[in-house]
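> Chains as they are written, first to last, in the working numbering: chain A, 3 to 118; chain B, 95 to 208.
There's no promise every hint is true.
[What the hints assert, rightly or not] Straight-line Cα separation of at most 27 Å, DSSO-like style, residue types lysine-lysine; simulated pairs: (1) A/Lys59 <-> A/Lys24; (2) A/Lys59 <-> A/Lys15; (3) B/Lys143 <-> B/Lys162; (4) A/Lys59 <-> B/Lys200; (5) B/Lys143 <-> A/Lys59; (6) B/Lys155 <-> B/Lys200.
Hints listed in this document are in silico derivations from the structure and should not be mistaken for laboratory results. Given the structure is predicted, the values throughout are model-derived calculations rather than measurements.
In case you want the letters, here they are:
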Amino acid sequence: AAGVIQSPRHLIKEKRETATLKCYPIPRHDTVYWYQQGPGQDPQFLISFYEKMQSDKGSIPDRFSAQQFSDYHSELNMSSLELGDSALYFCASSLARVSGSGNTIYFGEGSWLTVV
Amino acid sequence: AQSVTQPDIHITVSEGASLELRCNYSYGATPYLFWYVQSPGQGLQLLLKYFSGDTLVQGIKGFEAEFKRSQSSFNLRKPSVHWSDAAEYFCAVGARGGADGLTFGKGTHLIIQP
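The shape of chain A in the complex, shown without the other chains:
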């Protein structure tokens, strides 16, 4: 079965540079989530999109932005990178159901960002 695809898998950037991470959700999933996991930390929710509209916002820095496109893929843009942005960035997708019948969230393998 197709899974959540993230690219690139590894990325090295210098401080103050910009990085873009891409996420391709599971086919027919309408919701995308972004998480950040620092070394030895639990994943922290950044932002989510439902049907191409921002749905929920977590601890996403103002230097970061994201969007979901018409084909449901999503991109996380990170500017003015800082050393503390070095982390594993997960994308996840689900088929959201307002009625509450359950929306399992599936995670990608993650994109490793190292800021030097």
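Following the hints, put chain B in place on chain A, whose structure we already have.
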């Protein structure tokens, strides 16, 4: 606000022994509950989930978890662990419906000793 507590940062279990990882949650309504496993340098793999119905849920790799509303707990169990189960285990809670993000616990690092 929802929260998840995994009281055990590290747990060491002998291979073949039984396992229970604790998870307590705080949420205003009936939550969605998940257990994910993460091997070093890898992504998050879903072990099992609870949405409604039977409070004892079965997952992959021989894991199960029991939802106890009265205790606000969702403990993960396995009757006999294998060396390959060594990993980081995360409990997570999510809102019903919609597209809200999950809130994760801090994780429990499982060590398997021969």
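> Please go over all the hints and tell whether each is borne out by the structure.
Tested hints:
{"no.": "1", "hint": "A/Lys59 <-> A/Lys24", "in the structure": "holds (18 Å)"}
{"no.": "2", "hint": "A/Lys59 <-> A/Lys15", "in the structure": "holds (25 Å)"}
{"no.": "3", "hint": "B/Lys143 <-> B/Lys162", "in the structure": "holds (14 Å)"}
{"no.": "4", "hint": "A/Lys59 <-> B/Lys200", "in the structure": "holds (20 Å)"}
{"no.": "5", "hint": "B/Lys143 <-> A/Lys59", "in the structure": "holds (23 Å)"}
{"no.": "6", "hint": "B/Lys155 <-> B/Lys200", "in the structure": "holds (22 Å)"}
Of the hints listed earlier, there is not a single one the structure fails to meet.
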